[in-house]
Amino acid sequence: MRNTKTLSVTLPPEMLKRAQSIAKKESRTLSELIREALRRYEQRSWWDKVNTYGRATAERQGIREADVDRLVHEIRASKRGARK
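Mapping of the sequence shown onto our numbering: residues 1 to 84, in sequence order.
Rather than coming from a laboratory, the hints here were simulated on the basis of the structure. By construction, the Cβ of each residue, glycine as well, lies at the ideal position given by its N, Cα and C atoms. Please note: incorrect hints may appear among the correct ones.
Claimed, not checked - Straight-line distance between alpha carbons at most 20 Å, and here's what the computed SDA-like set of lysine to any residue pairs gives:
hint: 1; residue 1: 24; residue 2: 14
hint: 2; residue 1: 17; residue 2: 33
hint: 3; residue 1: 24; residue 2: 34
hint: 4; residue 1: 49; residue 2: 33
hint: 5; residue 1: 17; residue 2: 7
hint: 6; residue 1: 5; residue 2: 30
Said to hold, decoys possible - Label pairs and their in silico Cβ distance ranges:
hint: 7; residue 1: 71; residue 2: 10; range: 46 to 56 Å
hint: 8; residue 1: 6; residue 2: 81; range: 57 to 67 Å
hint: 9; residue 1: 44; residue 2: 68; range: 15 to 25 Å
With the hints as extra help, turn the sequences into a complete structure.
Rendered as structure tokens:
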């Protein structure tokens with residue numbers, strides 16, 4: 001019994017050519033290429049949500065992007081001091 005399902009997808013001819021070219025260049029099947037594209041899409045979508053949450057939280061706390069580097073260094077320094 002297979003753990004996969006067959007799916008029919010329609011693509012514009014140029015997009016199909018690009019997908020076939022990428023798959024050939026990377027020695028993959030089209031199925032492998034599409035699975036990887038979906039995994040990357042899901043990962044990107046998750047990071048976009050994390051980024052949106054982080055920006056909203058920072059805005060509520062009055063933290064600007066220019067403050068982030070300084071705050072990271074301050075927190076790391078205080079943690080190093082606490083371990084001693």
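Each hint tested on the structure:
1. 24 - 14: Within the cut-off at roughly 15 Å; holds.
2. 17 - 33: 13 Å, holds
3. 24 - 34: Satisfied, since the Cα-Cα distance of roughly 13 Å is no more than 20 Å.
4. 49 - 33: Measuring from Cα to Cα gives roughly 24 Å; hence the hint is violated.
5. 17 - 7: 19 Å, holds
6. 5 - 30: 14 Å, holds
7. 71 - 10: 46 to 56 Å: This hint holds: roughly 49 Å between Cβ atoms.
8. 6 - 81: 57 to 67 Å: 59 Å, holds
9. 44 - 68: 15 to 25 Å: 21 Å, holds
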